[in-house]
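If you read the sequences in order, they're chains A and B. Just so we're aligned: the first sequence equals residues 1 to 417 in UniProt numbering. Just so we're aligned: the second sequence equals residues 1 to 417 in UniProt numbering.
Calculated directly from the structure, the hints in this document are not laboratory data. Beta carbons are placed, not taken as given, at the ideal position from N, Cα and C, and that holds for glycine. Treat each hint with caution, since some may be false.
As the list claims (entries may be wrong) - Below, simulated SDA-like cross-link-like pairs (lysine to any residue); rule was C-alpha separation at most 25 Å, straight line:
#1 A:Lys73 x B:Lys73
#2 B:Lys326 x B:Asn360
#3 A:Lys31 x B:Pro389
#4 B:Lys162 x B:Gly187
#5 A:Lys58 x B:Asn51
#6 B:Lys414 x B:Ala170
#7 B:Lys343 x B:Gly257
#8 A:Lys220 x A:Lys76
#9 A:Lys73 x B:Gly187
#10 A:Lys265 x B:Arg218
#11 B:Lys145 x B:Phe126
#12 B:Lys73 x A:Asn384
#13 B:Lys228 x B:Ala170
#14 A:Lys76 x B:Lys162
#15 B:Lys105 x A:Leu202
#16 B:Lys116 x A:Arg108
#17 B:Lys164 x A:Lys76
#18 B:Lys105 x A:Lys50
#19 A:Lys100 x B:Phe126
#20 B:Lys164 x A:Lys58
#21 A:Lys50 x B:Leu62
#22 A:Lys31 x A:Ile46
#23 A:Lys265 x B:Lys162
#24 B:Lys346 x B:Ser361
What the hints assert, rightly or not - Facing chain B, according to a computed beta carbon distance under 10 Å, are these residues of chain A, among others:
#25 Gly9
#26 Gly33
#27 Asn132
#28 Pro167
#29 Val186
#30 Gly187
#31 Ile304
#32 Lys311
#33 Glu410
Number of protein chains: 2
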Amino acid sequence: MKAVLITIGDEILSGNTVDTNSNFIAGELKKIGIPVVQIFTVSDEIESIKNSLDAAFKLGDLVIATGGLGPTKDDKTKTAFKEFFSDEIVLDSETFDHLKKYFEKRNRGHLLELNKPQAEVLSKAFIFQNENGSAPCQMIQENGKIVISLPGVPYEVKPLIKDKIIPFLAQKFSLNHIVTHTISVVGIPESLLSEQIESWELALPNDISLSYLPVGNRIKLRLTAQGKSEEKLEQRIDQEVQKLKPIIGDNVISWSGDNIEEILKQILDEKKLTVATAESCTGGELSRLLTSISGSSTYFLGGIVAYDYHKKIEILGVSEKTIQDKTVVSEEVAEEMSFGAQKLFKTNISLSTTGVSGPNSDEFNNEIGTAFYSIRVNDFEQTNRLHLPHFDRNDFANFVSQRVLQDLVEILIKEKY
Amino acid sequence: MKAVLITIGDEILSGNTVDTNSNFIAGELKKIGIPVVQIFTVSDEIESIKNSLDAAFKLGDLVIATGGLGPTKDDKTKTAFKEFFSDEIVLDSETFDHLKKYFEKRNRGHLLELNKPQAEVLSKAFIFQNENGSAPCQMIQENGKIVISLPGVPYEVKPLIKDKIIPFLAQKFSLNHIVTHTISVVGIPESLLSEQIESWELALPNDISLSYLPVGNRIKLRLTAQGKSEEKLEQRIDQEVQKLKPIIGDNVISWSGDNIEEILKQILDEKKLTVATAESCTGGELSRLLTSISGSSTYFLGGIVAYDYHKKIEILGVSEKTIQDKTVVSEEVAEEMSFGAQKLFKTNISLSTTGVSGPNSDEFNNEIGTAFYSIRVNDFEQTNRLHLPHFDRNDFANFVSQRVLQDLVEILIKEKY
């Protein structure tokens, strides 16, 4: 079974909204062995939607469309589906009852009549009720194909997919498993890595595929295989991973994790170490990354975003003289910030960042794109500098934060803390 | 001129990576009046890439493809382009010189030979050199159409688009302008808003389009128009906006801003107020949102992420008794946190969050998805509760943070601080 996604919405095409639904849906489908083979992102126009349905049918057996189901005039997905399937739109009493409860629960009973059209669905459709919004999810099965229309709001999409669509598909079809395995490599450029593992790569079985995914200066090697038995797939992939150990073992910082924050969690849990942060140029991104992992509260105790430089002095105890002598974007200030955070939060590890993210230079005329970050593990300390002049503000904060966590992982592995 | 984007990469289709390039490129193209009419996301397979080029040519005059240009075996875009355009791949000496400088600058001269294939390009292509990576950007012009192939790494894509592709297109074509204008409405559901402004909406000129974009409980009304004179377009849109004032004026929190953090910046700059944060369940997301805006350092002085509850006591001065009596996820703790932050950072405004983001409940058995947030403006204070049981961890942090900023905007507008 192959899936095609259709993302419907002018707000995506206009660059206003990033489409995160496709990413979520593709990830969930992969878990039950359904690969997504293509994604169409189209405008809120009846013809575009119909054309994409047509194209999607040629590529897959399962089509999942998101968006265009709001109660307003700019939303046209339902009409496009009606025309595409030569169907009628009818008021569904079960959906109407659900809608009634939905509005009553929110003390908005007076809005029911106005939203009645949201209970009008395709006559052929099977309905999955939406617990978090007024637009129901409709499914049509025709000629052995399945088409599902979902609303576009991510927090309506996620529970519908996770709690209703995926269980339905997993139960109805005897599906393959897709197993992926990620190895994180550092300290070697992609071209050289590719050369070093060439004979291993060429000897991989045909049904195990390899991708190189660079993230900053880390390269994720991802192995993927598909088949009936999850256990067997995992065994076969593991055999290949074992062969890689003598070839690039020294450059590997994780044999199984994916995100750097997950890799770090494994290590911190094992070593029972705690972490605090003191951020300036990353503005909270570093602690956000750390706390994005469930269970992070066991090792992440807290952080300071000392954005104004007086706060670096008052709260973190950075010396005013250091700031005057070296400016706020300096190795010395990064070091004093991590020292202050370790003391304030009483943690084993502290991480600090200070830099100029632009687009304007700072009050000390430091060069845009410069960042210093300090990593402290017990009484060990290391400061590094990054120079990223072409990065926009948010990419800069994210890149620096990722690098801090990656360097911490490297230190914890190599230095055996 | 119409544009079609092609995103090439198995890592997108597998749900591993969110495609942020399309969003950026669409936004930049819009600024010079080129609408994106469709996006194809396809796998790293030669046939898929060729088919998408074929389909893209039918829909637009400008095709921009990203991804699949790495030096490793899993990247196949160049071969697909070669076959599609029946062209040859040749070593380009200028690109090779650029590559040489690129590696030398990074003290990686020894890697040049290995990366030589990166200087091999389509013989028909015009080359835009890549300052931040080894894969050049290639452009082919044929039958009045333009096709551009870019690498996939976002921080390579952004400067290529901004500094090279956009200036080239803007100079070559006499383009239309696309003007958009966003009005932010709160305190009224989408269906009711749609009814209230129905006659205004139906009377809009044909070439001004309206979209409803819900973000939490805020609705963004977006007006879009396209034409030769930017000034005239803005005047015409403004006329329509003026007519809206008597109809929904009381519910509008911004007549022009888009993101809530931008809307807040305008107000804080005008009123010369400073802000600090004290976060728990949002884990840094609130300060990240605040600092994502350039110039935020004039009003955002800093924040605390007090993740461990002892830190709420030690650093923010929350009383241990309050935590014991009310648990850490309570109105009272939220209030004491904002009080502590206002005192610690000496700001006019302080914002705090405390909640349970899940997937696991906290040590006090509070219900997953519960959050309290407190907003303090000078001696005014307000605490609210949110209940978002179906949200995943990161959506929860983002939703709560957005809501805090939105409520702050409402308070600042209505209470005239």
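Right, here's what the structure says about each hint:
{"no.": "1", "hint": "A:Lys73 x B:Lys73", "verdict": "violated (47 Å)"}
{"no.": "2", "hint": "B:Lys326 x B:Asn360", "verdict": "holds (19 Å)"}
{"no.": "3", "hint": "A:Lys31 x B:Pro389", "verdict": "holds (23 Å)"}
{"no.": "4", "hint": "B:Lys162 x B:Gly187", "verdict": "violated (38 Å)"}
{"no.": "5", "hint": "A:Lys58 x B:Asn51", "verdict": "holds (12 Å)"}
{"no.": "6", "hint": "B:Lys414 x B:Ala170", "verdict": "violated (43 Å)"}
{"no.": "7", "hint": "B:Lys343 x B:Gly257", "verdict": "violated (31 Å)"}
{"no.": "8", "hint": "A:Lys220 x A:Lys76", "verdict": "violated (41 Å)"}
{"no.": "9", "hint": "A:Lys73 x B:Gly187", "verdict": "holds (20 Å)"}
{"no.": "10", "hint": "A:Lys265 x B:Arg218", "verdict": "violated (36 Å)"}
{"no.": "11", "hint": "B:Lys145 x B:Phe126", "verdict": "holds (14 Å)"}
{"no.": "12", "hint": "B:Lys73 x A:Asn384", "verdict": "violated (33 Å)"}
{"no.": "13", "hint": "B:Lys228 x B:Ala170", "verdict": "holds (13 Å)"}
{"no.": "14", "hint": "A:Lys76 x B:Lys162", "verdict": "violated (33 Å)"}
{"no.": "15", "hint": "B:Lys105 x A:Leu202", "verdict": "violated (33 Å)"}
{"no.": "16", "hint": "B:Lys116 x A:Arg108", "verdict": "violated (65 Å)"}
{"no.": "17", "hint": "B:Lys164 x A:Lys76", "verdict": "violated (37 Å)"}
{"no.": "18", "hint": "B:Lys105 x A:Lys50", "verdict": "violated (51 Å)"}
{"no.": "19", "hint": "A:Lys100 x B:Phe126", "verdict": "violated (60 Å)"}
{"no.": "20", "hint": "B:Lys164 x A:Lys58", "verdict": "violated (37 Å)"}
{"no.": "21", "hint": "A:Lys50 x B:Leu62", "verdict": "holds (23 Å)"}
{"no.": "22", "hint": "A:Lys31 x A:Ile46", "verdict": "violated (32 Å)"}
{"no.": "23", "hint": "A:Lys265 x B:Lys162", "verdict": "violated (37 Å)"}
{"no.": "24", "hint": "B:Lys346 x B:Ser361", "verdict": "violated (34 Å)"}
{"no.": "25", "hint": "Gly9", "verdict": "holds (9 Å)"}
{"no.": "26", "hint": "Gly33", "verdict": "violated (12 Å)"}
{"no.": "27", "hint": "Asn132", "verdict": "holds (6 Å)"}
{"no.": "28", "hint": "Pro167", "verdict": "violated (15 Å)"}
{"no.": "29", "hint": "Val186", "verdict": "violated (15 Å)"}
{"no.": "30", "hint": "Gly187", "verdict": "violated (12 Å)"}
{"no.": "31", "hint": "Ile304", "verdict": "holds (6 Å)"}
{"no.": "32", "hint": "Lys311", "verdict": "holds (4 Å)"}
{"no.": "33", "hint": "Glu410", "verdict": "violated (19 Å)"}
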